[in-house]
Each structure stands twice: as C-alpha cells, then as structure tokens.
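Line by line, the protein sequences are chains A and B.
For what it's worth, our numbering labels the leading residue of the first sequence as 1, then goes sequentially.
For what it's worth, our numbering labels the leading residue of the second sequence as 1, then goes sequentially.
No wet-lab data here; the hints were simulated from the structure.
Quick caveat, the model's predicted, so the values are computed rather than measured.
Glycine is no exception: its CB is placed at the ideal position from the N, C-alpha and C atoms.
Take the hints with a grain of salt, since some may be wrong.
Computed spacing ranges between beta-carbons, pair by pair [claimed, not checked]:
1. B/Asp54 <-> A/Glu82: 45 to 53 angstroms
2. A/Thr15 <-> B/Leu56: 31 to 39 angstroms
3. B/Glu66 <-> A/Arg18: 45 to 53 angstroms
4. A/Leu39 <-> B/Ala14: 24 to 32 angstroms
5. B/Lys69 <-> A/Gly58: 21 to 29 angstroms
6. A/Glu82 <-> B/Gln71: 38 to 46 angstroms
7. A/Thr15 <-> B/Gly16: 46 to 54 angstroms
8. B/Asn17 <-> A/Thr113: 22 to 30 angstroms
9. A/Glu75 <-> B/Lys69: 34 to 42 angstroms
10. A/Thr13 <-> B/Ser70: 23 to 31 angstroms
11. B/Ser84 <-> A/Arg111: 18 to 26 angstroms
12. B/Lys111 <-> A/Leu39: 35 to 43 angstroms
13. B/Asn17 <-> A/Glu54: 43 to 51 angstroms
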Amino acid sequence: DSGVTQTPKHLITATGQRVTLRCSPRSGDLSVYWYQQSLDQGLQFLIQYYNGEERAKGNILERFSAQQFPDLHSELNLSSLELGDSALYFCASSPGQGRLSGELFFGEGSRLTVL
Amino acid sequence: AQSVAQPEDQVNVAEGNPLTVKCTYSVSGNPYLFWYVQYPNRGLQFLLKYITGDNLVKGSYGFEAEFNKSQTSFHLKKPSALVSDSALYFCAVRDGGDDMRFGAGTRLTVKP
C-alpha cells in the first residue's frame, strides 16, 4: 500500500458528461501529480501541484482541470468527455519541491470508461 | 525538456536467464533516473533510482540498473528472471523540474 488513495476506482459515463476524480496523497506529502495511462499513449503527465499551487503542466487538455485543496487532497475534473478520454488516471504524491531525488508514490488509479 | 525512451515494447526471457530492459534519456542538466514496475490493474511501484555516485544501482526484488552517462542510458537488469517478474516496466526522469516524465513502458514476459 503506497498510502495514496484514489476514488472512485471505476467510473462509467457517457460522452459529453463531466466527472471528478479524487486523490488523497500520502501523509505529509505536499506534491500531487496526475497522469493518464491509455493503451496507445503510455503514461502521460498531466499536471502537478505543490501545496495548493500549480507547479508544472504537461499534456493536459483544456477540457480538463485540477486543483489541490488546503487539506492537500486533489481533484481532477474532466468535462465534455469523449470516447478517447477512456483511460486509467493515476495520482502520485511526493514530499515536495526541492526533493528532486525523491520517487513518486502512486495510487491504484481510477479507470474511466466513456461510452 | 527531459524525456526517456524505451526502445522495446516487449521483452521475452526464459525463467532463470538474465534480463535487460533498456532505457535511454535526454536531459539538459543532471538526470535523476527511476524505474517503476506495474502489475495488472495496479499502480506503479518504485524499484530503484539513480541520483549520483555509483553507476550500478541496486533496488527491490533483485533488480539493478546501470547508469551510463556517455551512452545516456539507464538499463534495468536482473541476473536471474522469475515468472513473477512478468509485468510492465517504466523508466522515468527528472532533470531539475518537479515533474517526472515516463517512457512508454516495456512489457516483460518471463516464460517457465
């Protein structure tokens, strides 16, 4: 158990809908990362937050947004969903900025299926 | 921006034989390199990392990796493969930014 909790584990929805994925980082970790894993594109970095502030942005679509709350949990919002958004979404956490040598700790992922 | 490449989608080895999963990297500064393993329907698990120092890094489950600066490589190795090592392996890199970039992954199959 990595200590990172993601909910829901599975989610099935329709095109055009909006969903929210939630992540609770390991106790004490200030950084939260979101990744998308799809069959044909591997593990894509979406966005990173550190102590409530956005720190790095990857290949995140404009239809997607995220935030990190004062209690350090994070939410990834996906809107106007398309079939191609079906994927496994991972959250990871680490102690935080300046600890570049540190590994990330991953949750078990949220599997999103868009029908 | 930093990146890693895993040139092999699939690696097949027989149980008991040595295994190598290849990774090359591209960074503008000093690299921090990582290997992760993913079992079916699970999150990624950390195996080992290179930060500085000895080019041969030892990690979990008997895995090790060799950092080669001149070849910009960080190959994952194990002297004797087990069937239970069958999984998806990811190489990852940081070079000064907070974000970590992953390779496309290599599926390792160890046959009895």
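If you check the beta carbons of asparagine 17 of chain B and glutamate 54 of chain A, does the distance land in 43 to 51 angstroms? At roughly 46 angstroms between Cβ atoms, glutamate 54 of chain A and asparagine 17 of chain B fall inside 43 to 51 angstroms, so the hint holds.
Threonine 15 of chain A paired with glycine 16 of chain B, Cβ distance criterion 46 to 54 angstroms: The hinted range 46 to 54 angstroms holds for threonine 15 of chain A and glycine 16 of chain B, with Cβ atoms some 49 angstroms apart.
Is the gap between the beta carbons of glutamate 66 of chain B and arginine 18 of chain A within 45 to 53 angstroms? Holds, since glutamate 66 of chain B and arginine 18 of chain A (Cβ atoms, about 46 angstroms apart) stay within the stated range.
Verify the CB-CB distance for lysine 69 of chain B and glycine 58 of chain A against the hinted window 21 to 29 angstroms. Because 26 angstroms falls inside the window, the suggested range holds.
Do serine 84 of chain B and arginine 111 of chain A keep their Cβ atoms within the hinted range of 18 to 26 angstroms? holds (24 angstroms)
Does 24 to 32 angstroms hold as the CB distance between leucine 39 of chain A and alanine 14 of chain B, or does it fail? holds (27 angstroms)
Supplied distance hint 23 to 31 angstroms, evaluated on CB atoms of threonine 13 of chain A and serine 70 of chain B: violated (49 angstroms)
Can you let me know if the beta-carbon spacing of threonine 15 of chain A and leucine 56 of chain B is within 31 to 39 angstroms? violated (50 angstroms)
Take a look at whether the Cβ-Cβ distance between glutamate 75 of chain A and lysine 69 of chain B falls inside 34 to 42 angstroms. Given a distance of about 40 angstroms, which is inside 34 to 42 angstroms, the answer is holds.
Outcome of range test on Cβ distance (glutamate 82 of chain A, glutamine 71 of chain B; 38 to 46 angstroms): holds (41 angstroms)
Looking only at beta-carbon atoms, does the pair asparagine 17 of chain B, threonine 113 of chain A fall within the given range of 22 to 30 angstroms? Hint violated: Cβ distance 38 angstroms, outside 22 to 30 angstroms.
So the hint says 35 to 43 angstroms: do the beta-carbon atoms of lysine 111 of chain B and leucine 39 of chain A match that? violated (23 angstroms)
Checked against the numbered hints above, the structure violates hints 2, 8, 10, 12; every other hint is satisfied.
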